[in-house]
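Those protein sequence lines, which keep their order, are chains A and B. Residue 3 is where the first sequence starts when you use the numbering used here, and the numbers rise one by one after that. Residue 927 is where the second sequence starts when you use the numbering used here, and the numbers rise one by one after that.
Simulated from the structure, these hints should not be mistaken for laboratory data. From the three backbone atoms N, C-alpha and C, an ideal C-beta is built for every residue, glycine too. Watch out, some of these pointers could steer you wrong.
To give a feel for the contact side, a few chain A residues facing chain B, derived at Cβ under 8 Å [stated by the list, open to error]:
no., residue
1, R23
2, L27
3, G29
4, T30
5, L51
6, C85
7, G90
8, T98
9, V132
10, P167
11, I171
12, E173
Residue strings, one per chain:
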Amino acid sequence: MSRRPPRGEYIETDTGNKVARKATLVGTQNIMLGGKTVIQPEVMIRGDLIRSIQSSSSSSSGGTPNNTAVAIGRYCFLSRASCLRPPGRLYKGAFTYMPLRMGDHVFVGPSSVIQAASIGNHVHIGANVVVGEFAIIKDYVRVLDETIVPPNMVIPSFSIVAGQPARVIGEVPEGGHEAFELRELYKTVGNNPQPALS
Amino acid sequence: MSSKRHSILPAVSAGPKPPVHFSSSITIADSALLTGTNLITISSESVIHPRAKLDSLAGRITIGRRCVVHERTMIGAIGTSGKVTETAVTLGDYVTVEVAASIEAGNTIIGEGTTVGVGSKIGAGAVIGKHCTLTPHTEIPAGEVIPDFTVMYSNGMRRVDKRGVADLKNKGQARQIDVLRRMIPSNPAKFT
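Just chain A, with the same shape it has in the complex (with noise of 0.2 Å):
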């Protein structure tokens, strides 16, 4: 009679991340994740998609180039099902995979698709959300759900985006900053989770 504890549904790393064992992560060695992030099951993570044409400085200065694929911050929550993936363009007569950059307290919702080039910190990204190629989203943005954000746009801080293609619809209002903290949606999750607060 085995004496193991009952595996858990996620695997808790040193630095606090959360990782289900029924995501899927290629290519784990290029994603970086900032540490206290959960990652639901289903979410796929493609870290494999890494920068083909390397600088030519990083060359020079002698230390291994820095191939991060994906770069996730602290306190980020990935829903179930949705996908990052690195944005790609013909750079300098070459195709190449630029590196997918998020920042603090992003909240990614169920079934959305991430292909922008980098995220702010306190996003909010809702369900079936689907973020074009090269897109920035700035600080502080709630994306509703349902919106296509089209390649290279620019969101700036503090909007609220809806819409197919995303328009900005209104401005987060000055007492709604509290709202956009993780922290206690990162305590409710995980093997030993505690109840959210009412």
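On the provided structure of chain A, position chain B as indicated by the hints.
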């Protein structure tokens, strides 16, 4: 100590192993899912990303040259009509099927150079023309015929793509495939 894991890929239950006809120059990821009973043909230099699903239960699947099929796609899904025809899905050359797109079986034809956007759903028997662009989350009803060079966007609106960049797009896709062939470890032997 344990060797460093390169990927976390949970196992997925697979169906019957289909007969396949691969060209020698294709790139097919190890964790692509090929199921079904009919023939799956993939022509030269096409790329199939990990976790793409090709299901030939409802009929043959033919993928043209230099196509790119992204992850989480479902080609050959059995739609609501449930009919079983001889050729389920045909993709022309240079077609790109993006993440989470779903193409139903039933004589569905996607023309050359078309881009099927993220999360799109193409109904059974639809015929999409050449060099079309379907933006993300487009839904094409069953049996619909889309003329060449059409752009379908925001909930069913259409316009004609008059840029004339078909050749440039094809060249761009060829360059993209060159890079992808080096990046994705290919394992066609697993499926033959």
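Results of checking the hints against the structure:
1. R23: holds (7 Å)
2. L27: holds (4 Å)
3. G29: holds (6 Å)
4. T30: Holds. Min distance 6 Å.
5. L51: holds (6 Å)
6. C85: Hint holds; C85 of chain A Cβ to chain B Cβ min 6 Å, cut 8 Å.
7. G90: Because about 7 Å separates G90 of chain A from the closest Cβ in chain B, which is inside the 8 Å limit, the hint holds.
8. T98: At 7 Å from the nearest chain B Cβ, T98 of chain A passes the 8 Å test, so the hint holds.
9. V132: This hint holds: V132 of chain A lies near chain B, its Cβ roughly 4 Å from the closest one there, short of 8 Å.
10. P167: With Cβ-Cβ at 6 Å, under 8 Å, it holds.
11. I171: With a minimum Cβ separation of about 15 Å from chain B (threshold 8 Å), the hint on I171 of chain A is violated.
12. E173: violated (23 Å)
When held up to the earlier numbered hints, the structure conflicts with 11 and 12 and fits the remainder.
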